[in-house]
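Colleague: Sequence:
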Amino acid sequence: MLTNNLRQAPDARRACTSMEKLLYPKRIAVLGATERVGAPAGIAFRNLLDAGWRGNIFPVHPSAETVFGVPAFRKLADLPVPVDCVVIGLAADKVVSAIDEAADAGIGAAVVLASGFAELGSGGRKRQAELVAAAERAGMAVCGPNCLGLINVGARIPLYAADNWASAPKGRLALLSHSGSGAITLSATGRLGFSHVVSSGNSAVCDLAEYLEFLADDEQTGAAALFLETIRDPAAFERAMEAMHKAGKPVVCLRIGRSSAGAAASAAHTGTLVGSNDAFDAFFRRTGVIAVDDMDELIEASCLVTGLKVRAPGNGVGLINCSGGEVAHACDIAETIGLSFPPLAETTTRELATVLPAFATPGNPLDVTGAVFADRTMYPAALKAFAGDPSVGFLAVVQDAPAGLSEEGATSYRRIAEDVAEFARSTPELPVAFISNLSGTMHPHVRQPLDEAGVPVLTGTRAALKAVLNVVSGGRPVAAPEGLSARPRLSTQPEWIMRLKTGRPFSEHEAKAFLRDHGIPTTREILATSEDECTAAAAKLGYPVVLKIASEDLPHKTEVGGVALHLTSEAEVRDAFGRIMASIGKHAPKARIDGILVQEMIGDSIEAIVGLARHHPFGLAVVVGSGGIMVELLRDAALGLPPLSDHDARGLVERTRLATLLDGFRGAAPADRKALETILTAVSDIALAYGEWIEALDLNPVAVLQNGQGACVLDALIVPVGQRR
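Reading the sequence shown from the start, the letters are residues 1 to 725 in UniProt numbering.
It should be emphasised that the hints constitute simulated quantities derived from the structure, not laboratory data. For every residue, glycine included, the Cβ atom is placed at its ideal position computed from N, Cα and C. Don't take each hint at face value.
Claimed, not checked - Heads up, simulated DSS-like pairs for lysine-lysine below, C-alpha to C-alpha not over 27 Å straight-line:
{"#": "1", "residue 1": "586", "residue 2": "501"}
{"#": "2", "residue 1": "170", "residue 2": "75"}
{"#": "3", "residue 1": "75", "residue 2": "26"}
{"#": "4", "residue 1": "246", "residue 2": "309"}
{"#": "5", "residue 1": "26", "residue 2": "126"}
{"#": "6", "residue 1": "557", "residue 2": "586"}
{"#": "7", "residue 1": "384", "residue 2": "501"}
To be verified - Now the in silico label distances, taken between C-beta atoms and shown as ranges:
{"#": "8", "residue 1": "539", "residue 2": "585", "range": "53 to 59 Å"}
{"#": "9", "residue 1": "190", "residue 2": "54", "range": "26 to 32 Å"}
{"#": "10", "residue 1": "190", "residue 2": "669", "range": "42 to 48 Å"}
{"#": "11", "residue 1": "707", "residue 2": "553", "range": "58 to 64 Å"}
{"#": "12", "residue 1": "377", "residue 2": "167", "range": "18 to 24 Å"}
Could you build the full structure based on these sequences and the hints that come with them?
Modeller: Structural data, given as structure tokens:
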């Protein structure tokens, strides 16, 4: 969907043809293998030996006769049999020649452990570009550089330069991390099982998209968790997500570098340029990535997507607890994250009333009360009632059972866990999760029946409920945008391409001409160069009118006194002309003046802003929000990535406070939302057609009139790529 709007990074278009050899190698060489304590190549070689790879691994060292008792070879060309993958444990300045040597030996994949590449700045970027070129010449899949490597957990293949490889339990989750430390931390929680753990570092050749596309067909993998710094090739990532969704494999992602300090740390860490949070959020929504905000959320969401036996259908969440206070606590947190609980059907509340004590209040969320500890039939009956409600598509059972419970207390809570486990077995079509409000360890006696039944156990109210929200409402790619196929692609006009290529700033008058030529309504206006021409133009347009200074050098006219509104007579026009020219002479004496723009005055309307802004790495993004002179103060905006369908445009507007005004705030007449949405889709089409030449587009304000009366652009700014004064 996004390929026409992308400016891809130079090292982003990688066709990794040897991912099988990287992730499932049958024979492995370790270049630089050594017994020196702490040496990354030595650790990787020792890990392979510990994993039982003696006989299929080959240490390569210029002088050693053996490494940990295994005969060593002087160079890769001396190996007695072909190998699939080489772990390169050499210094950065020797890596490119090592890649060439590996290619000459017919090796199809490599893990480059060394740092000293793009994360170091311009010199490192040059070295990384040479690495990429060498790998591309050979068609070689490369993990790294500046990484720990990777582990095929299921097949016990640790191409990994850290001692903790065996702490990653086997399971169905693939962990892909730009950060080595992130990979170590997340793989050692004890709560997740892994098919693969990948520490990809700078991802110079194979980025996370290549791993995802391969894992979509990997029988070991059922879901993926990403610890992500940036996306180097959005088009490749989108293709990979399509493959993952087609395979029914959810993807959870924690993106780091979202703050200014985090972005700086990320750039220093792997040499990446981190993009806009809003643009990433829009991209993740479109591609169906389950985006989370911290490691706790990543763990809980990963536990949930790997633990559920069926996919959540997307309708409401039911919540059950035996404490009114804890139900209230869950409701408080749910409201802050946007999770709502649908009301139960009348038949469900009647059914609950027959099984609950008289003092209980049937509803969703439900406090079944402490009476469940005396009546073992009550909890199963409540679960059954929720399962039969048409509005409930996911059931969350919230029950604390901390590890410090007494044996008697744990036994009481275990009964609830046993009821939930039996319910999950008997009702496999309804996704269910067991949630502890506490983020610590759950009592093992309580957890045991849940684990045996395969019920996901989540900890920490906020992270757990966020996981439920994400799985129920997210994790699905946006369907092919409606109406896009029927909407003709916008054709570029050669004269406007030539104008944009000049790099000169656009005046408002010229920018509006561009918009009108591409189907976007603007105010009627006349460019005048004298006081008399202004009065003649006003008479022709009809009063009231607006006067604005016309200058490429003055994009923000109000700030220099260059605007006069609501002029109702010739005298007012003449007076305004004099005031504007005097103010410009005082505040911007060197500005180049094209004249005075005389515009029709638009009546009562709601002011919006619509624009295009470039966001790395996605290209131009469409922005809409509350407009006018208060735009910086209100900061009310939503962002989407082209192409926008009619549905996308509606959704963008709906995510702003502007939507409330448009729908008729405090008795006001509704405004023409549809007209604003039409401008949004037109601007999206402009982004696709002219994205190579437009750096930014700012329509502010856009006057949205009463419903049925349309919308039009009152002021416009176009910034060409490489604009020069």
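Colleague: Going back to the hint list, which numbers does this structure go against?
Modeller: Hints 1, 2, 5, 7, 8, 10, 11, 12 contradicted; others consistent.
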